[in-house]
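From first to last, the protein sequence lines are chains A and B.
According to my numbering, the stretch in the first sequence is residues 2 to 340, in order.
According to my numbering, the stretch in the second sequence is residues 32 to 277, in order.
Simulated from the structure, these hints should not be mistaken for lab results.
Be careful, since some hints might not be right.
[As the list claims (entries may be wrong)] One side of the interface only, derived from the structure: several residues of chain B facing chain A at Cβ under 10 Å:
| no. | residue |
| --- | --- |
| 1 | Val144 |
| 2 | Val161 |
| 3 | Gln195 |
| 4 | Arg204 |
| 5 | Ala207 |
| 6 | Gly212 |
| 7 | Ser242 |
| 8 | Gly243 |
| 9 | Ala257 |
Here a beta-carbon is modelled for each residue, glycine too, at the ideal position from N, C-alpha and C.
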Amino acid sequence: MKTVSLLALTAIAATGCFAQASAAPKAPAKTATDSSYEAALSDINAAKFDAALAKLQGLQDSKDGDGALYWEAYAQSKLRQNTEALATLNRLQSEYPESKFRADAEALALQSKLDAGQKVQPGMQPNDDLKLLAINSLMGTDATQALPMLEKVLNGNASEPVKSRALFVVAQNGGSAGQDILVHIASGSEHPELSQQAVRYLGMSGGASGRDALAKVYAATSSNDLKASILRSYMLGGDKTRLLAVAKSDASPELRQSAIRDLGLIGDDTDLVSLYAGPSDRATSEAVIRGLFLHNGAEQLVALARKEQDPELKRSIVRELSLTHSKVAEAYLMELLNQ
Amino acid sequence: MKHADEKALIAHAMGLDDGDERICDCADCQRELAQIQATLATLSSWEVPEISQRPILLPEPKARGVRRPLWAGVWAGAIAAALIAAFALGRFSRPVAPLAKPAATANADPSRVLLVVVADHLDRTQALLVELEHPLAAPGARTVDLSLQQSGARELLASNRLYQQGADRSGDRKIAQLLAGLEPILLQIAQSPDRVTAAEWTKLEDRIAESGILFQVRVADENLQATLRKSLLNQEQHNQEQHKAL
Numbered sequence: 002m003k004t005v006s007l008l009a010l011t012a013i014a015a016t017g018c019f020a021q022a023s024a025a026p027k028a029p030a031k032t033a034t035d036s037s038y039e040a041a042l043s044d045i046n047a048a049k050f051d052a053a054l055a056k057l058q059g060l061q062d063s064k065d066g067d068g069a070l071y072w073e074a075y076a077q078s079k080l081r082q083n084t085e086a087l088a089t090l091n092r093l094q095s096e097y098p099e100s101k102f103r104a105d106a107e108a109l110a111l112q113s114k115l116d117a118g119q120k121v122q123p124g125m126q127p128n129d130d131l132k133l134l135a136i137n138s139l140m141g142t143d144a145t146q147a148l149p150m151l152e153k154v155l156n157g158n159a160s161e162p163v164k165s166r167a168l169f170v171v172a173q174n175g176g177s178a179g180q181d182i183l184v185h186i187a188s189g190s191e192h193p194e195l196s197q198q199a200v201r202y203l204g205m206s207g208g209a210s211g212r213d214a215l216a217k218v219y220a221a222t223s224s225n226d227l228k229a230s231i232l233r234s235y236m237l238g239g240d241k242t243r244l245l246a247v248a249k250s251d252a253s254p255e256l257r258q259s260a261i262r263d264l265g266l267i268g269d270d271t272d273l274v275s276l277y278a279g280p281s282d283r284a285t286s287e288a289v290i291r292g293l294f295l296h297n298g299a300e301q302l303v304a305l306a307r308k309e310q311d312p313e314l315k316r317s318i319v320r321e322l323s324l325t326h327s328k329v330a331e332a333y334l335m336e337l338l339n340q
Numbered sequence: 032m033k034h035a036d037e038k039a040l041i042a043h044a045m046g047l048d049d050g051d052e053r054i055c056d057c058a059d060c061q062r063e064l065a066q067i068q069a070t071l072a073t074l075s076s077w078e079v080p081e082i083s084q085r086p087i088l089l090p091e092p093k094a095r096g097v098r099r100p101l102w103a104g105v106w107a108g109a110i111a112a113a114l115i116a117a118f119a120l121g122r123f124s125r126p127v128a129p130l131a132k133p134a135a136t137a138n139a140d141p142s143r144v145l146l147v148v149v150a151d152h153l154d155r156t157q158a159l160l161v162e163l164e165h166p167l168a169a170p171g172a173r174t175v176d177l178s179l180q181q182s183g184a185r186e187l188l189a190s191n192r193l194y195q196q197g198a199d200r201s202g203d204r205k206i207a208q209l210l211a212g213l214e215p216i217l218l219q220i221a222q223s224p225d226r227v228t229a230a231e232w233t234k235l236e237d238r239i240a241e242s243g244i245l246f247q248v249r250v251a252d253e254n255l256q257a258t259l260r261k262s263l264l265n266q267e268q269h270n271q272e273q274h275k276a277l
């Protein structure tokens, strides 16, 4: 009730704020130029590039002149008029050198050049994001040249989002050399902020070789967080064998239980049952019960319940059974009720 | 008793609903609730997405410009994260339907990286677009603050360009087209001033709503998740077959 009251109070207060904001003086009356610019943007959003170009004509000297030029170039680029787009962007740069569209204009120019089949030099780009776009393009033609550039970005002073995007380029295009980079980063020694992302990519893209590499990282690292990420990659890759190995013998109870849960999520009933230890390892047994529930293992849960003498564990099993939509479970629950 | 919808179940699982409120005790609702609770437990060990960039799926106030308190954003982010994970994990937790024949090479598959990152990108974009509908407006202020949305859009724009290039190269036309449609929207948000008047904000919001991009992103996200799910199931079967062969 407290939460609802808080919500209500906040909503009332906030609505009041908005009422005041709405009561603020209206924006200056719309001019024909404003309307045309707005309409052109709506056309751009609807991919009506010809219509947008028509509306943008004559707006280049208005208060939205730089925007008009940028969107004109954008529409031209989408219509594959790359030469015209580049000319418009040149005009934008010369007439509005301080425009807020400058960085986006550089990105659009790069894209227009690539679309026109021109070669662009990653090293000549004015910022990391454009450099990445250029490297990504180079990846398609010469990965051996592009990969060292990506490594340089990853090892340099670029921001974390830029490095994260660089890692995506490596993962998507890198082949076996790229996989080596991912493994190196996944190990977490030099790039702890990127290691989980690298683990994820290896699990998703690397196939058996990627998971082999992950197993080596798992064995080498002492970080349980990283190990937990690797378990999720095993789970996403459907690697029951490795999950089972962790569930059986990892030194960390938390990781063993994570592996059990992941086995449940990918539906390995038989192995889960084999891990059930009864009251001698209550936490593991509870994890197995949960794992069986997650994969609708009603038959196995009923079988465990019939054998289990520990009242607490039996109660856990029955609780999960009561939540499964299964005739086997219903029959067993009725049996209990009739006892 | 009426069946509980997903939002109510999530709110209940997270203790965000009225404590006196009862959740339907039918097997389906209880199972769904248990799955959400399991997912929340799972989430505690998962990397939590940045709250400012996650979807808000709570019932939203009708009035525009309402200031959402910070804690509500935090809970909304957490719920959104739960929904995303529930969506991903819930599929694993349900009985598995007969599997499709595995792809010829269910092994190394870098194209799956693109699907995964684009799915995540679409989640973030949805969050941004929904947050844009509810910008911060300080008491008595004549303007609304779009700085968070603006910086979020700037980051998304850089990723969007890169992913679009990747989709173009891998020949995934649907993804490439969707990302191409997103680009001008993200750019318009990124280029908007930090603070705008209510009228300017309405204009931006209307233009984006008119484009229907939020709906397109949601549909595409759902399709991508389904594709990923299928791809993972194929891999699971492939692994099982390899295991048997050994």
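### Task
Under 10 Å, Cβ to Cβ, is where B/Ala207 needs to be relative to chain A, so tell me if that hint holds or is violated.
Because about 12 Å separates B/Ala207 from the closest Cβ in chain A, which is outside the 10 Å limit, the hint is violated.
### Message
Can you verify the interface hint for B/Gln195: is its Cβ closer than 10 Å to any Cβ in chain A?
### Response
9 Å, holds
### Message
Interface hint check: B/Gly243, Cβ to nearest Cβ on chain A, cutoff 10 Å. Holds or violated?
### Response
9 Å, holds
### Query
Is the hint on B/Arg204 kept, meaning its closest Cβ partner in chain A is under 10 Å away?
Since chain A brings no Cβ nearer than about 14 Å to B/Arg204, farther than 10 Å, the hint is violated.
#### Entry: Interface hint compliance - B/Ser242 to chain A, C-beta minimum distance less than 10 Å
The hint holds - B/Ser242 has a Cβ within 10 Å of chain A, the shortest such distance being about 4 Å.
### Restraint satisfaction for B/Gly212 [CB to CB of chain A, less than 10 Å]
Holds. Min distance 7 Å.
### Task
Verify the interface restraint on B/Val144: the C-beta must sit less than 10 Å from at least one C-beta of chain A.
5 Å, holds
### Task
Mind checking the CB of B/Val161 against every CB in chain A and telling me if the closest is under 10 Å?
16 Å, violated
### Task
Answer holds if the nearest beta-carbon of chain A is closer than 10 Å to that of B/Ala257; otherwise answer violated.
15 Å, violated
In summary, the structure is inconsistent with hints 2, 4, 5, 9 from the numbered list given earlier, while agreeing with the others.
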